[in-house]
Every structure is written in C-alpha cells, then in structure tokens.
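These protein sequence lines are chains D and C, in that order.
The first sequence maps to residues 1 to 139 in full-length UniProt numbering.
The second sequence maps to residues 1 to 265 in full-length UniProt numbering.
Among the clues, some could well be false.
Unchecked claim - Residues from chain D that face chain C, not an exhaustive set, calculated with beta carbons under 10 Å: (1) V23; (2) D29; (3) D60; (4) A66.
Unchecked claim - Derived coverage of chain D by chain C (criterion: at least 3 residues anywhere in the stretch with Cβ under 8 Å from a Cβ of chain C; other residues may be distant): (5) 36 to 42; (6) 45 to 58.
Claimed, not checked - So the derived list for chain C, only partly shown, Cβ under 10 Å to chain D, looks like this: (7) L66; (8) T98; (9) R171; (10) L235.
Calculated directly from the structure, the hints in this document are not laboratory data.
Virtual Cβ for every residue (Gly too), placed ideally from N, Cα, C.
Spelled out, the chains give:
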Amino acid sequence: MTVSPYEGSGPVQRSSGSALVDVVDTILDKGLVIDAFVRVSLVGIELITIDARIVVASVDTYLRFAEATNRLDLYEKGGTGLPDLVGELTEKGTRGGAKGKTKGMLDAARETVGEVLDERKERAEERERRRSSRRERER
Amino acid sequence: MTTRPRSEAPERAPGDMALACYVYGVVRADARLPEDLTGIAGGEVFLVRYGDLAAAVSEISPVQALGTRDDLLAHEAVVEALANETTTLPLRFGAVVTTADALAEEMLAPHEDWFLDVLDDLGGAREFAVSGVYAEDVVLREVLREDPQAARLRERVRELPEDAAYYDRIRLGELIVKALDEKRQADTDELIDTLEPYSRAVAPRAPAGEDAAADAAFLVADRDLEEFERAVDRLGERWGDRVRLRMVGPLAPYDFVPPPPGGGN
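Work out the full structure: start from the sequences and follow the hints.
Structure below.
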C-alpha cells in the first residue's frame with residue numbers, strides 16, 4: 001500500500017528526508033550518542049520516543065492520505081500540468097484506474113486507524129486480564 | 001586556534017530559570033548556519049565553537065520531556081539544514097547538556113582530533129537510505145511457484161473447511177515466512193552488490209516489517225551521486241512490480257558515524 005507524496009514518477013520513490021515517517025527510526029536509533037562524550041554535564045531528560053514512533057507513523061500516514069486526496073480533487077477537476085502529482089494515480093492510464101486506487105487508499109487509511117485502535121484495545125484488554133488474574137490470586 | 005570555548009548564546013538576564021542546551025550535531029568551526037534556524041520548542045539555533053570545531057545547539061527547558069512529533073521534526077530540520085551546508089556529524093535525538101560552554105569543554109575539547117578526523121572521512125559525501133518493500137501478491141505467487149510443498153499445502157487448505165485445515169494453514173504460513181526470509185537475504189545482497197560500486201561505504205539496516213525486501217544505507221560522494229541514482233533506478237526497473245524501491249536522502253551520515261573514541265559505550 002503506497003501513497004506517494006514524492007516527486008518523480010520513475011520506478012523508485014524518492015523522499016528528501018523531510019518526511020518524518022522515513023527518518024524517525026534513523027534519528028532515534030542512529031547518530032552520535034551524547035553519553036559517550038559527556039558525563040559530568042549531561043542532563044538526563046525524559047524521552048517519550050516509544051509513543052513518538054507510533055504517533056509519527058500514523059500522523060504522517062494521515063497527512064499523506066490527506067495530501068493525496070487533495071491532489072486527486074485537482075485531477076478530477078481536469079487540472080493539467082500535474083503529471084508528477086498524479087503520476088502514481090494514473091499508472092493504469094484511466095480515470096477508472098485512478099478511482100480504483102483512491103478506494104485502495106481509503107481502505108488502507110481505515111486499516112491504519114484500525115490497527116492503532118486495535119493495538120490500544122489489546123493493551124487495555126491485556127491490562128484487564130492482568131488485573132483480574134491478580135484479583136483471583138488475592139482471593 | 002582558540003583555546004577557550006566561545007559561545008554565541010543569546011544574553012539573558014540573571015534570575016532566569018537555567019535553561020539546558022540541546023545538541024544537534026558537530027561541524028567545522030567555519031560552518032555557516034542558515035539564517036533564522038529554529039530548533040526544538042522554537043529555540044534559536046546557534047554554534048558553540050572550540051578550536052576548529054563547532055556544535056549546533058539551542059536552549060531548552062531541562063524539565064520538559066522530549067519526543068513529540070514537533071520535537072522530532074525540529075531535530076531533523078536542523079540537522080538537515082546543517083547537512084545541506086556542510087559535513088555534519090548528527091547527534092542521536094535527545095542529547096541535552098547543562099550549558100553550551102560545558103559542551104565545548106567536555107565534548108569538543110577532549111576529542112577535537114577525533115572529530116576532525118571523522119569530519120575529514122565523511123567530507124564531500126552524504127547518506128542515502130534505500131529500501132524495498134515486497135508487493136505481497138507478486139512475491140507470494142513467486143513462493144508458490146518455487147516451493148512445491150507450499151503449493152500442495154495451499155491446494156489442500158483451499159479444499160478443506162477452515163477449522164479442519166488449521167495446522168496446514170500454520171504449516172503453510174511457516175513455509176512462506178521461511179521462504180521470505182531467504183528472499184530477503186538474497187535481495188539485500190543484490191541491493192548492496194548493485195549500489196556498492198557507487199558508494200564510499202555501505203551500512204546494512206535491519207529490515208522493518210514482514211514485507212521488507214531489503215534495506216541499507218549508502219554513503220555517496222557528491223560527485224558520484226548521479227551514477228548512484230541511475231543505478232538505483234536501474235535496480236527499480238529490474239525489480240519491477242515485485243519490489244517497490246524507495247530512496248530517502250540526502251541525509252546527514254547517521255549510519256556512518258564511527259563508534260566513539262576510547263571504545264566507550
């Protein structure tokens with residue numbers, strides 16, 4: 001499932017790195033580690049990066065869909081000179097194809113939202129399970 | 001060469017709450033910052049210099065937890081802006097020290113030669129991350145074509161009701177996961193073999209997700225960039241519908257900073 005906010009319509013998708021979803025793991029896991037150089041003046045600051053990964057991934061997905069949908073409007077209104085913008089959507093060469101693709105995007109958006117919600121639900125259920133087994137033990 | 005740290009921190013009135021110093025990256029002292037560069041929480045980015053080195057920093061509150069989407073975007077924007085100007089050694093997200101002067105004394109001064117060597121090594125090149133994702137239907141058909149046992153299992157699973165075929169379905173899934181692992185290995189090798197001749201260094205990355213086909217970071221000299229990109233395009237064409245290739249960059253050389261001096265952590 002791909003929604004491409006990127007330029008170019010070749011075989012390879014390109015991103016400058018300013019799309020956070022592409023670089024979130026890089027900036028959290030790679031690069032110089034300050035602790036290796038600084039000990040005395042180090043400030044231990046709380047990092048909430050586990051949530052960040054999930055939030056960034058979903059927010060960026062939402063933004064991509066919003067953007068892709070937006071371009072689609074332009075296209076359907078008969079805008080011209082947008083070959084790059086809709087390159088991905090017109091692969092099949094017909095408007096029908098573009099519509100089919102849009103539907104795919106919406107389904108996938110729903111999936112993404114669904115996944116996040118499912119994950120939350122699972123976590124809540126897990127907590128509930130743990131709580132009830134604790135209660136049983138206490139009895 | 002200056003021997004005392006020299007910071008350009010905006011002056012602040014005494015009595016202000018002591019702010020901490022967020023560190024983005026290390027560059028050469030003659031690097032120029034893009035104008036009006038703002039960092040995390042809107043802090044103004046400035047350079048703190050020591051000798052031939054400088055670190056890009058901004059002031060932040062020492063009590064605020066870090067990690068919101070805006071924080072990550074700000075970190076990435078500053079590092080990207082720096083890397084567009086000059087060779088930049090990026091810090092991992094979340095590097096905070098007490099003051100800019102302390103940073104110069106404790107980080108830059110004792111490791112000046114090490115930093116300068118690394119900046120030399122990485123000069124004139126930038127990182128590109130190239131990753132591929134399998135088109136599920138194409139690659140599953142490929143597995144069934146290549147593995148008769150999987151193909152037979154699939155036929156059986158199709159004929160039986162869901163409950164009856166439970167263990168067959170597990171077995172089939174297991175075979176496919178194993179086949180995909182092998183494909184991933186072969187495709188990663190192909191990605192690296194194809195692009196290595198146009199790169200100064202290669203760093204394989206852990207493939208993220210079940211549909212990951214290949215993932216690696218390449219350090220590409222600016223003068224080889226065109227050839228590198230052409231090679232990526234050719235690979236994309238060769239893989240066609242089977243693998244969607246994606247190239248992210250130019251990035252600061254996150255994957256190519258060496259282990260810290262002295263074999264520390």
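- Query: Okay, which hints does this one fail, numbers in order?
  - Reply: Hints 4, 9 contradicted; others consistent.
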